[in-house]
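Build out the structure end to end from the sequences listed, making use of the hints.
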Amino acid sequence: MDKLLEVRNIKAQFVTDGNVVNAVDGVSFYLNPGEIIGVVGESGSGKSVTMMSLLQLISSPGRVAGGEVYLENGKDNLLSYPPNGEKMREVRGGKIGMIFQEPMTSLNPVLTVGYQIQETIMLHLGLDKEAARAKAVEMLKLVNIPDAESRFGYYAQQFSGGMRQRIMIAMALAAEPEILIADEATTALDVTTQAQLLEMMQDIAKKTGTSIIIVTHNLGIVAQYAERIYVMYSGHIMEHAGTKALFRRPEHPYTRGLLKAIPRLSDPKGKVLVPIDGLPPNPANRPPYCPFYPRCEYRKERCKEGIPPLRMTEEGHSIACFLSGEELEQREEELSHKLQKETAKKTIKPELCLDIRKVRKYFPVYKGLIRKKIGEVKAIEDITFQVRKGETLGIVGESGCGKTTLARCLMRVYRPDEGEVIFEGTDIARMKDSELISFRPKMQMIFQDPFSSLDPRQTAGSIVGESLKIHHLTKSQEEYEAKVDELFRLVGLSPELRERVPHEFSGGQRQRLGIARALASNPSLIVCDEPISALDVSIQAQIINLLEELQSRLGLTYLFIAHDLAVVKHISDRIMVMYLGRIVEFSDCLDLYEEPLHPYTKALLSAVPDANPDAGRERIPLKGEVPSILKRPAGCPFSDRCNLTEDRCRKETPQLKEVKPGHRVACFLYEQQEDA
Amino acid sequence: MGKYLLKRLGQTILVMFLVSILVFLLMSFIPGDPVYAMLGEDITPEEYQVAYEQLGLDKPLITRYAGWLGGVFQGDFGVSYQYHVEVEELIASRVTVTLYLAVLSTVIGYPIGILFGMLTAVYRGKKADSILTFIANLCNCLPQFWIGICLMYFLALKSGLLPSYGFTWPWEDFGMHMKQLIMPLICLSIGSIAGVTRQTRSSMLEVIRQDYVRTARSKGLREKKVILIHVMKNGLIPIITMLGNRLAFMVGGSMFVESVFQIPGMGSLFVKAIGGKDIPVVQACVLLTALVSCLAYIVTDLLYMLVDPRISLVESE
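Those protein sequence lines, which keep their order, are chains A and B.
Following the numbering used here, the numbering of the first sequence begins with 23 at its first residue and continues without gaps.
Following the numbering used here, the numbering of the second sequence begins with 1455 at its first residue and continues without gaps.
No lab work stands behind these hints, which were simulated from the structure alone.
Every value quoted in this text rests on a predicted model; they were computed, and no experiment measured them.
One or more hints might be untrue.
[Claimed, not checked] Some but not every residue of chain B turned toward chain A, in silico, with C-beta under 10 Å:
| # | residue |
| --- | --- |
| 1 | 1483 |
| 2 | 1668 |
| 3 | 1676 |
| 4 | 1679 |
| 5 | 1682 |
[To be verified] Cβ-to-Cβ under 7 Å is the rule here; a few derived chain B residues that face chain A:
| # | residue |
| --- | --- |
| 6 | 1580 |
| 7 | 1622 |
| 8 | 1624 |
| 9 | 1672 |
| 10 | 1677 |
| 11 | 1678 |
| 12 | 1692 |
| 13 | 1762 |
| 14 | 1764 |
Backbone N, C-alpha and C fix where the C-beta goes; we use that ideal spot for every residue, glycine too.
Right, dumping it as structure tokens:
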């Protein structure tokens, strides 16, 4: 077949402080006409740099250090042209359109979105201003921007994140390129919006015959949308295969490890996650041999002899590994025996750790010089649930659903406007700060961003030990030192690292510090607010396993807030689904995934890209995006997006009712069944 | 927009009121006696008494302030102690000279500064950038009066090419006007060229590394278009802030340049008035500077709205 795009042995370097860093070290791939391929890799694997390099968009101190790029079977190597010359500019936007990760910053804030699309059209299609305008409006309609005609003159900041990304897609496709590169294009978006956009891109590609390169760290996305996949690690392609083959029979040790490390929606509950030990190599000092060697479970002495080239193992499947198929399989067999590790046992006690009753929190909105109150943001209302000791309650929902506000109300960072927060038998909702002091050590929090939630000037030891001092939990200096050392060991860090400051740690290690800090005061409840979403895929499993192990050892109760439904399924005993400040469903974990009841839960689950291309799932498309909490509809919060909305849903708010034992849902649909 | 303007004007009135109180209190705070300052030390006690009452110094502070403020509203700032003419006449003749020089130096300095700034940013790290940035940093550090004295030494005293001091309006003697203009104008412009170059460079560099510039490049736009359309409009925002500050600064006049070249502008007037305890003149100068500052900031904000739609969006909400 004629290849639309062929990249051969492309290399990109960054020069910093006189050191040459090979960010991309000889990557080759191709793209057929009309095909959707995926390039997956963790941060720093060089996937984005590869794409930027082939368009020669990489800017100083980076540079393309070699390689060839051929478009449409041409004989011209695109990299032989100057980066800003005529030829390259024709390709950029004209032949290859690109969408970037951050929809918030990728559009120019001082130019109208219409102008930015029009500009591309005029440049590449040679249309005059009027015709380009018409075409731009047409593009906006294509990506489902409502009221496209008048939105032409809007600025980027007048759109939501999802809308902005639609506009980016419209812009990238405006000049009818043959290839669209989507570089983490949906990473910053909510799950349901992400699914909408990916499906839209897929549809457009089918209609117009555009080929797409999806660049992402999310194995689920490539599993669902790509036909072929390239797995990148540390500037190299490790494995290349058709999507089904890759997920059914991963061959490269890295891919095998990755698939064992991630929780998947379609996995049975109780799957043991096998983390990949260690950290990705620092690009500044990569070894002269296989970059995965230090973390590889399958390694043999001869792996250190050089960088393994990509070799074909079967038709359309190649890996960069010296080991033969038999060697890998043999080792796999050995590993699987070793793997029979017990899942951490945990005991859930019948008594309640938390009993939340009708908690409500509104935030006033002020305006003007005299700060007049003009309204309220109804962040959360009518929140009632219980958590038993030793249990993990997963709280899921998209942005603006109130999960973080709820966590802060429980931790008494905020004072709830109404309701009771009964923690181990005492209502703390109305307590004064002075009374709360004695409760603080019992409830701790692990935060999302391990990069900004630790004081950069404090040493790791004092970060971890701080609450011991605040709450006078140790009697002597020796006891304090010993306790801090113990905490370090508890989370798998060497106590020798105590004197280091946070930036000397990697993301995963920082999150371990965050966990050690939370554990210092010997809490009984830990609220984990998106504790792993900022971490690399291969690191996530390490942290999940650590959390589970700590729970069974210390009898902790977790509130696990996350938007990744596969992770929540893996770790939670029960799950609570929130939408625009209200609980819409509350159920045992398995029940929820097997038989979701609320229309929102169903749509949400169907939107999650599962890293298993064989799991046949029905997609339930959802209208619109998660609205701002300021625009919550009357009645059921989901009423304006639900396919089953009736008059009653718009007038009354459904209450959470038990439909089956242990499964509560707030939807009239199930009440009517009961009545009948 | 209209509402916003009204709000800002309201704020300006409040500020001016406070300034007027402070300015009026100057009279009481400045050491030395205003009567002696006006008439000199060699006066009889009777003459002193007459002047004392004429100035209303026997009346309570509030009454004097009200009277003074009433006068100010009618454009009556009193009589200059030194020049013995109405303050408003004195200032009217001085401020035109100052404004003329200020506007000219801005018109020259800003475009050149922005151009240099763009060049240094676009050719970052290249020779052109190193040289221009070095010169800009150097010029930014050189005191104005030092440049003035150097110019005067070489161009006027050594070679006699240019007259060393004075100011003539073009309609009085065009040739003389041009000759007298060169040195003060160079003096005034060098600083602003250097400042604007540095500011433009850093703000352009900040914008160049933004994601939306990468987006613009990924569309295949010419680099010229990327810079002129996508970078410029964003990069100019901090320059507008500088322009506002400069407008405010201008009215006060450049004390150094006007003193060195003996130009009868606001700066030299201000210096002399302070030295001679010419309180009515000082008061008028301060008030005028404050007023122009406030207005300049309003103009700055309006310019912001013109360049940055984000601001007008927030304001119109």
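The hints, checked one at a time:
Interface restraint check for residue 1483(B): the shortest CB-CB distance to chain A comes to about 32 Å, outside 10 Å, so the restraint is violated. Interface restraint check for residue 1668(B): the shortest CB-CB distance to chain A comes to about 7 Å, inside 10 Å, so the restraint holds. At about 7 Å, the closest approach between the beta carbon of residue 1676(B) and any beta carbon in chain A falls short of 10 Å, and the interface hint on this residue holds. Annotation: residue 1679(B) was flagged as interfacial toward chain A, and the flag holds, the nearest CB pair being 8 Å apart, inside 10 Å.
Restraint check, residue 1682(B) versus chain A: the minimum CB separation of about 12 Å is more than 10 Å; hint violated. A distance limit of 7 Å between C-beta atoms decides the matter here; for residue 1580(B) the minimum to chain A is near 11 Å, and the interface restraint is violated. Checking residue 1622(B) against chain A by beta carbon gives a least distance of about 45 Å; that is not within 7 Å, so the hint is violated. At its closest, the beta carbon of residue 1624(B) sits 40 Å from a beta carbon of chain A; the interface hint therefore is violated under the 7 Å criterion.
With its C-beta approaching chain A no nearer than about 4 Å, residue 1672(B) sits inside the 7 Å limit, and its interface hint holds. The interface hint given for residue 1677(B) is met, as the beta carbon of that residue sits about 5 Å from the closest beta carbon of chain A, less than 7 Å. The closest approach between the C-beta of residue 1678(B) and any C-beta of chain A is roughly 10 Å, which is over the 7 Å cut-off, so the hint fails. The beta carbon of residue 1692(B) is not positioned within 7 Å of any beta carbon in chain A (closest approach about 13 Å), and the interface hint is therefore violated.
Given the 7 Å rule on beta carbons, the hint for residue 1762(B) holds: about 6 Å separates it from the nearest Cβ of chain A. Taking 7 Å as the C-beta contact cut-off toward chain A, the hint placing residue 1764(B) at the interface holds, the least distance being around 6 Å.
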